[in-house]
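Let the hints inform the model, and build the full structure from the sequences given.
Just so you know, the protein sequences line up as chains F and S, in that order. Residue 1 is where the first sequence starts when you use our numbering, and the numbers rise one by one after that. Residue 1 is where the second sequence starts when you use our numbering, and the numbers rise one by one after that.
Treat the hints as calculated values from the structure; they're not laboratory data. Careful, some of the hints might be misleading.
Calculated pairs, DSSO-like style, for lysine-lysine (alpha carbon to alpha carbon, straight line, at most 30 angstroms) [stated by the list, open to error]: (1) F/Lys14 - F/Lys99; (2) F/Lys14 - S/Lys147; (3) S/Lys283 - S/Lys145; (4) F/Lys169 - S/Lys283; (5) S/Lys55 - F/Lys119; (6) S/Lys55 - F/Lys101; (7) S/Lys183 - S/Lys217; (8) F/Lys14 - S/Lys96; (9) S/Lys283 - F/Lys14.
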Amino acid sequence: MARHEPGERRLIVKYAVLTLAIFLPLIWAFLFVRNLYPFASWNVMMAGGDLERGRSYCMLRGETISGETIDIPAINLTNALYSRTWTMVNATIDNQSFKLKSIHPQNEELIRQFGGVEKLPPGVRLTDLLQAWGSLYNERLPAGSPRRLKAIRLDMYRWESGRYSDYDKFVESWRKEL
Amino acid sequence: MAEGIVNRVVPGSAFALGVVRSIVHGTFLISILFTSFSALGSLPVTILRPTGAMKFLPWSFYDHLQTPGAMVTFKVVLVLSLVFSTAGFLTVVSTKTSLLLVVFYQGLLRSFGHFNHDEMLAVYYLVVLAFTPCGDAFSIDSGIKNKTRAAFAYAYPILLMQLLMAWTYFSSALIKLRVAGLKYLSTDNLPALAIFHSLDNLHDTHFKLAFWLPQVKAYLPFAVGFVIFWELLFPLAVFRQRWRWWILGFGIVFHLATLVFMNIFFPHQLAMYLIFVDWDRWKNRLDDEKTSNQISLTAFKKEC
Numbered sequence: 001m002a003r004h005e006p007g008e009r010r011l012i013v014k015y016a017v018l019t020l021a022i023f024l025p026l027i028w029a030f031l032f033v034r035n036l037y038p039f040a041s042w043n044v045m046m047a048g049g050d051l052e053r054g055r056s057y058c059m060l061r062g063e064t065i066s067g068e069t070i071d072i073p074a075i076n077l078t079n080a081l082y083s084r085t086w087t088m089v090n091a092t093i094d095n096q097s098f099k100l101k102s103i104h105p106q107n108e109e110l111i112r113q114f115g116g117v118e119k120l121p122p123g124v125r126l127t128d129l130l131q132a133w134g135s136l137y138n139e140r141l142p143a144g145s146p147r148r149l150k151a152i153r154l155d156m157y158r159w160e161s162g163r164y165s166d167y168d169k170f171v172e173s174w175r176k177e178l
Numbered sequence: 001m002a003e004g005i006v007n008r009v010v011p012g013s014a015f016a017l018g019v020v021r022s023i024v025h026g027t028f029l030i031s032i033l034f035t036s037f038s039a040l041g042s043l044p045v046t047i048l049r050p051t052g053a054m055k056f057l058p059w060s061f062y063d064h065l066q067t068p069g070a071m072v073t074f075k076v077v078l079v080l081s082l083v084f085s086t087a088g089f090l091t092v093v094s095t096k097t098s099l100l101l102v103v104f105y106q107g108l109l110r111s112f113g114h115f116n117h118d119e120m121l122a123v124y125y126l127v128v129l130a131f132t133p134c135g136d137a138f139s140i141d142s143g144i145k146n147k148t149r150a151a152f153a154y155a156y157p158i159l160l161m162q163l164l165m166a167w168t169y170f171s172s173a174l175i176k177l178r179v180a181g182l183k184y185l186s187t188d189n190l191p192a193l194a195i196f197h198s199l200d201n202l203h204d205t206h207f208k209l210a211f212w213l214p215q216v217k218a219y220l221p222f223a224v225g226f227v228i229f230w231e232l233l234f235p236l237a238v239f240r241q242r243w244r245w246w247i248l249g250f251g252i253v254f255h256l257a258t259l260v261f262m263n264i265f266f267p268h269q270l271a272m273y274l275i276f277v278d279w280d281r282w283k284n285r286l287d288d289e290k291t292s293n294q295i296s297l298t299a300f301k302k303e304c
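What follows is the structure, given as C-alpha cells:
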C-alpha cells in the first residue's frame, strides 16, 4: 500500500471533502429533480414539448412619438437577464412574487388593498416592469428623437393546441404611458 | 495508486490548472464587463422572487441593492475581484471573493427569472478553483513567489471539473428518461418545444428555423434519441482520449443547434469545454517552436 507524507495525506483529505461537498448536494438535487440554488438538477427540457397543450407567449412593443408601433427586444434593455427575460415576464403576469413565504412589504400592502392574493388582477406589477423598460429605452435616445416611446406595452398571444398553425390568437395586453 | 491514475488521465501541472483558472474566471469577467448593471438595478424589486439560498437575505437588503447606483458599485467590486482572480493576483483570496460575488450575482438573476443551467457548471468550477492551488503558475502570484507541489495537487481539480461536466449531461439524460420515458421520443416533442421558444420576442435571439421542423418531424425522434445517447456517453470524454473530441465536437453542434432551432444558448457551458484541452501539450509545443526558432536565428546570424 502506498504511504503518504502528512502534507499529501492532508491534500487527499481536502480533495475528498471538496468532492463530497460538491457532489452530495448534486446527487440530492438529481434524486428529487429539484433546483435549490446553488444546487442544480439538470432537468432542462425534461418534459419535452407537447402539441396537445396550448401555450401563451408575449411580445414587447413600443408606441413611438411618431406614431409607429415597434417590436422591442427586451434583451437589449436588460441584458443581464438574457435567457431569463421570458420567464421573468411570465412570473410577473402570474403574480408569483405575491405567492412567496416572505413577501416584499410593498406587495403585502397591495394584497391588503385588494383584499387577498386571489383578488389581484393578472400582472399587477407588470406596469412597474414596463415603466422600467420604457425609461431604459428612452434614456438611450436623444430628447427630441421621434423614435422615443410615448407608451410601451406587452401583448399576450396564445398558440392553441393540436396543430402547427394559428400561432397568434390575441389574449390581452398591458400598456404603460411613459 | 489513485494518484497515478489521476495523473495519467489529466494533465498534472500547475500551468494547466492556472490556465483553467484564467478561462473560468475570465469567462465570467468578459460576460459581466458587457452587462449593464445599472439597467438591472432599474428593475422593480417587487417582482423579485428570491430563490434557494437567496431567501436568507432580508428584503431591506434587496431594497438597498436593487437601484442603478448600488448595482454599478456591485459591478465595480465584482469586476475588480474577477480581474485579480483571472490574472492570478492574491489568488488564495481573490478566487474566494470572486466565487462569493458570482454566486450572489447568479442567484439574483435567478430570482428574477428561472433557474437556467447555463452558468451553473462554471459556478461549480469556481468552487473547485477557490479551494485548490490554481495560482501556482500562469499567474502574477507565481512571478512573485514560486511554489511547486505534487502533480496530483493540480491534476485532481481538473479531473473533478471534467467529471462535473460529464455529470451535467449524464444526469440530464437520466432525468429525461425518468420523467418523460419513451414519450420523450415522440414526433411532436422537439417541434412543439422549439416553436414555443420561437414565438415571442423575449428570448435572446429570434431565429425562426423551428417552424420548418414539423415538415421533418418523422425523423426527429432519431435526432432526439441520438442526443440522449450522446449525453449518456459523455463520461467517456473524460477517460477516453480517442472519443473526447468526437463527444465535445458533437456538444458544440448540439448547443449551436439549440440556438438556431430553439433560441436557447449555453455560452458559459460551451466555454467550459476548454478544460478538456491538454494545456501542457500546447505549452510544450510552443516552447519547442520557440527553441527551434532561436536555433534558426542563431544559425542565420552566424552565416551572416
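Do the hints match the structure? See the list:
1. F/Lys14 - F/Lys99: 41 angstroms, violated
2. F/Lys14 - S/Lys147: 19 angstroms, holds
3. S/Lys283 - S/Lys145: 21 angstroms, holds
4. F/Lys169 - S/Lys283: Distance ~59 angstroms between F/Lys169 and S/Lys283 Cα, so the pair is violated.
5. S/Lys55 - F/Lys119: Within the cut-off at roughly 26 angstroms; holds.
6. S/Lys55 - F/Lys101: Between S/Lys55 and F/Lys101 the Cα gap is close to 9 angstroms, so the pair holds against 30 angstroms.
7. S/Lys183 - S/Lys217: Status holds; Cα separation ~14 angstroms.
8. F/Lys14 - S/Lys96: 16 angstroms, holds
9. S/Lys283 - F/Lys14: The given pair, whose Cα atoms are some 29 angstroms apart, holds under the 30 angstroms limit.
Against the hints set out earlier in the document, violations occur for numbers 1, 4.
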